[in-house]
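Q: Residue strings, one per chain:
Number of protein chains: 2
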Amino acid sequence: MKHLPDTIRAVDWQHDCLHLLDQRQLPLRQEILKLQTVQEVTKAIQDMVVRGAPAIGITAAYGVVLAARSAYVQRPTDWMAHIETDLHTLSKARPTAVNLTYAINRMRALFPQITGNPVPELLAEARLIHEEDIQANYRMGELGANLLPNPCRVLTHCNAGALATGGYGTALGVIRTAFAHGKLQQVYADETRPWLQGARLTAWELKEEGIPCVLIADSAAAMLMRNGLIDWIIVGADRITANGDVANKIGTYSLAVLARYHHVKMMVVAPTTTFDSTLASGNSIIIEERSPHEVTQLHGHPIAPMGIKAWNPAFDITPAELIDVIVTEKGYVEHPNSTNLASLLQ
Amino acid sequence: MKHLPDTIRAVDWQHDCLHLLDQRQLPLRQEILKLQTVQEVTKAIQDMVVRGAPAIGITAAYGVVLAARSAYVQRPTDWMAHIETDLHTLSKARPTAVNLTYAINRMRALFPQITGNPVPELLAEARLIHEEDIQANYRMGELGANLLPNPCRVLTHCNAGALATGGYGTALGVIRTAFAHGKLQQVYADETRPWLQGARLTAWELKEEGIPCVLIADSAAAMLMRNGLIDWIIVGADRITANGDVANKIGTYSLAVLARYHHVKMMVVAPTTTFDSTLASGNSIIIEERSPHEVTQLHGHPIAPMGIKAWNPAFDITPAELIDVIVTEKGYVEHPNSTNLASLLQ
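These protein sequence lines map, in sequence, to chains A and B. So the first sequence is numbered by the numbering used here: it starts at 1262 and just counts up by one. So the second sequence is numbered by the numbering used here: it starts at 1262 and just counts up by one.
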């Protein structure tokens, strides 16, 4: 099976610090930032050095290691109390992805049993979270690819690839596996305004691996569907509620409506760490609104008149009834609802 | 009634040459190009110095004047035969808008009755085409605005404004009139990738006149509709076939499907010069595919990996059944079809 070599992993722990591939610079530059403190990690998540719900979770786990390391040096006996403020700030770095909270809580659950230097145990746990994510992606890749016809033409939105996860990817994991199985005829990648994750990241990942990819403006997707050129839409998720509503990159909901109208199938691929069973439906999900400058400027250059207002929601909610299948590492559910998702997740 | 002052008209004949506001430079710079030859006019249309179906038609009419002027100097007795090659090239500058052909044919129809220097008569006709377009826009503005509720929240796509026409605008003409009537609460403007007509041109026109405008990424429109924030979508057209199918900027079809799903109304505003009764349906319209670089680069900077393929259709087709009303200067038709459109146009 083909996958990205470790050297271009987005998140990595090396030489006692956290290495992040700066995704703001892709595809023009492959620049690695080396982070030594949890404050740097929080800022990197806020500034989208790293993005994608699973990758944010993994990054936060390593952030907890850095927080504990620093606190332990300063206050060896009460480092746990000392880092709570940092962890709270880290957990609020971005509001929509639940993986962030999941990873911090899982790391925090270890604290009571730790004696002495917390770094070895916490680092082992962060590495485990990372490795589990990659393994989940391989598993989802197989499950999702088996659902696709042969040959298959797919459309993906944003980047749910190696760069958005521990490695391999969720939606792109399915696409990678389908390609490895020889059934993938064509991938269309939405450029995904305003941050251009599709143009900058997904197109880059697919091109690196020789998977046939055509880039389109987001608004051209409907015409592809009308022309009968898309069999499945495959996307990731930032949070999935108990009833199967999906928060994902702005534009996902639009695609889901268009897919239903054109009888195109809609697949959401996400590890169980993305599920938030505490929320009954997508109506309760906080949608992050990012700076209007992401819409009105590009690379610092204005592309709209000075002072114009812009509305820049980072995510939207796709209701469960528009989703044909949700694929997780524990299996998949068709026509997701509270009952079949609860069975899957228990 | 408010309208843009003449000084920022996109197309203008002054001091014996054609002045075009270079729309590629907006909103950063207001640069006027002064064209002396039909070859320059053809290139300006191809390169999108001027764009928008009615503006292209008017520009072409002035282009015929320049062609005739040059030919008459060189060959006073057979200038008509001499300019046919130029007019053919001009008519092919862009394939989708029918106004281009309409304007050239209307100018050419005068040739047989011209004796001596053709410039005065041709210039008068070009000015008439220009003035008729502006008057049509005022009329459509009134007709369309009367169809809107009070208060009204609208979404527009691309730029169908003063810049796309002789002045005042088609879709933006309706929006201007509704604003003048005090019933316009909010305009949302799709940025309109890849060329960003919405961000660069529509946002600029609306801001210049103090009409409340919020810019969004194209893919955020569905969420606005889901949130109940849009009453009408109002767009222009590049060509309308006998049955009411509409070719317009890529993304229009997507909006029309989303509008129907969310019970939002869809209005197309276009002068009768935009109608092509020779085509039975939108299936026969040639859709211009422009350079992939419009998707993969911005201001010459790459925004996607080198060598990635991109599909860049400039327009899409919205079938008549998704359009609630087509407004022309001769009146409007609801639920457009071959019969009611033929009655309107006769």
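Just to be clear, a hint being listed does not mean it is correct.
Where chains are identical, the list cannot tell them apart; a pair therefore holds if satisfied intra-copy or between any two copies.
Claimed, not checked - With a cut-off of at most 27 Å between alpha-carbon atoms, the simulated DSSO-like pairs for lysine-lysine come out as follows:
1. K1468 / K1570
2. K1570 / K1444
3. K1295 / K1591
In short, the hints are calculated from the structure, not lab data.
Q: It remains to establish, for every hint, whether it holds in the given structure.
A: Here is how each hint holds up against the structure:
Taking the closest pair of Cα atoms, K1468 and K1570 come within 27 Å of each other only across two copies (10 Å); inside a single copy the shortest separation is 36 Å, beyond that limit. Only between protomers do K1570 and K1444 lie at most 27 Å apart by alpha-carbon distance; the minimum there is 20 Å, versus 45 Å within a single protomer. Within a single copy, K1295 and K1591 get their C-alpha atoms no closer than 34 Å, and across copies no closer than 66 Å, so neither meets the 27 Å cut-off.
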